[in-house]
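Quick note, the sequences are listed as chains A and B, same order. Going by our numbering, the first residue of the first sequence is number -18, and it counts up by one from there. Going by our numbering, the first residue of the second sequence is number -18, and it counts up by one from there.
Bear in mind the hints are in silico, worked out from the structure with no lab data behind them. The reader is advised that the hints may include incorrect statements.
Any copy will do: because identical chains look the same in the list, a pair fits if it lies in one copy or spans two.
As the list claims (entries may be wrong) - Derived lysine-lysine pairs resembling DSBU-like cross-links, with alpha carbons at most 35 angstroms apart:
1) Lys208 / Lys145
2) Lys232 / Lys270
3) Lys232 / Lys274
4) Lys179 / Lys274
5) Lys142 / Lys270
6) Lys208 / Lys3
7) Lys266 / Lys96
8) Lys53 / Lys142
9) Lys208 / Lys69
10) Lys172 / Lys266
11) Lys278 / Lys179
12) Lys69 / Lys158
13) Lys172 / Lys278
14) Lys45 / Lys56
15) Lys230 / Lys3
16) Lys142 / Lys208
Quick caveat: nothing in here was measured; it's all calculated off a predicted structure.
Single-letter residue listing:
Protein chains: 2
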Amino acid sequence: MGVLIVGSIALDTVETPYGTLKNGLGGSATYGSVAASFFSPARIVGVVGSDFPECYLSVLEKRKIDLLGLQKITKGRTFKWSGSYDEKDLNSAITRNTELNVFADFHPSLPEEYKNSRFVFLGNIHPSLQIEVLDQLNKPKFVMVDSMNLWINTTRHDLIKVIKRVDLVLLNETEAKMLCDTNNLMTAARKVLALGPKFIIIKKGEHGAMLVSNNEVFIVPAFPIEKVVDPTGAGDSFAGALIGYMASKDKADSSVLRQSLAVGSVIASFNVEDFSLNKMLNLKKSQIKSRLKLLAKLTSFNAPEF
Amino acid sequence: MGVLIVGSIALDTVETPYGTLKNGLGGSATYGSVAASFFSPARIVGVVGSDFPECYLSVLEKRKIDLLGLQKITKGRTFKWSGSYDEKDLNSAITRNTELNVFADFHPSLPEEYKNSRFVFLGNIHPSLQIEVLDQLNKPKFVMVDSMNLWINTTRHDLIKVIKRVDLVLLNETEAKMLCDTNNLMTAARKVLALGPKFIIIKKGEHGAMLVSNNEVFIVPAFPIEKVVDPTGAGDSFAGALIGYMASKDKADSSVLRQSLAVGSVIASFNVEDFSLNKMLNLKKSQIKSRLKLLAKLTSFNAPEF
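Given the sequences, and given the hints that come with them, work out the whole structure.
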């Protein structure tokens, strides 16, 4: 069946301690779908302008991503984001500029064959647009939603509406604390679960991620990387790989979710090793498998006896 | 054989979001030895003044801690530390005041029977005093050293000398980055290992701890606690439990080290649930075992297949 990923498709200008990339391929739907495509066929819903380079479309096509839901606005320009990372904190980007462009009037429209998607990732876009997608879906098996501080601050009401309708909420540490008005991640997790979702994942950047449900907690470390070239898209490639792996199993139980967090952590660790999607686009299955083995070794210990 | 723990014995005044404790029992040797005592007999070397309450000595005696190496200065006052924790960051204390008192002229002197100690934890004290201890030891099997930003900034030369002579270096994230002039923890770890120690553990507060050697990495999460009452002594109880567990196995191989990090993480998680050592002093073996099982479940996942 594959996965449906809704989100931004962007031209990113990024400055990191390792250099600068101008108008690189970016956006949550882009990172998410490429990451998902290692495990399941992926389809995206998003929008680009007439300035969107053909070669970037080829990148997505090469990964066999279904672009039927991609709107092209001939009289508009593609969404642009520019930001930088402080050498001292690669976990959070400093946004320099955002040009909404074609995103300003965007309304997601699902092609007929997308409406039966069973696994859906609603990337970080305005919560009202996420609701529009939910309204078009026909009984999805599993929906995961991402968001950001902007929506928590400006459209909290809509965001809560979305949260109540999905299976899994994905937030980073700062967002979770902000949304739930607490400094304790477990308390934040419980408050989100009380709204209805079965799961919450709190992303902790270089410290990994934590999955919480009403009856369990699972913690996956980030795979330690010595040379973090560009953290952009780490969260989205984590999410994309996660939903892609789940879809490949057509299951949303605890065991598969744990595996999918591990898979997400590994894909994200590759993604940060180069600018834009460069590392992911040259990634082999054998590399993913070998890093997954290392990740498992990284956390395993025999039961202590005393 | 038991473990030798050298460090501070303090009267702590601590303010946290949950209240204030005045002149509570504290210090690295105190937290370390009580934590170690769950797994191995512990002996301490330290100093107190005439104001040190008898009941605090009883606390240590009740845990069967050997106090032969405890110096009592009748004309002096005990080392005092006072600090607070910001509600927004329970990972690091804000020091309000430090009174060195008897610690100002302290020189560790090991009783004859301590000199053959096989497992040693050099708690955070001036590196030159740590060297004095090393000089008195007779071929220890395993020495672990802790330090702090103050010594990194003021007596780096002595600290490096200590690091070159021990088996394991324990630092928190900020200290590791500061010592090695890098913002990448793996790079910091490699730089410390290049000085000679076989292992480094980087403590990451609520994000757990990372063990690095020349051929492996192990990451243990912090056990998630919803009500962190007082983080004081978390690092020292982690270290004490770790060295105590290792001593109980009389081994310092990778498998035992991994187990001991898990044990340390669990003991530290109990310690932060109440002020001073209150939680640890009422802790039962069954509670430790049950939380260890939860910790193992917290990180386990089946190998993903795709």
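TODO: State the violated hints by number, sorted upward, taking the hints as numbered earlier in the document.
DONE: Checked against the structure, the hints that fail are numbers 5 and 15, while the rest are satisfied.
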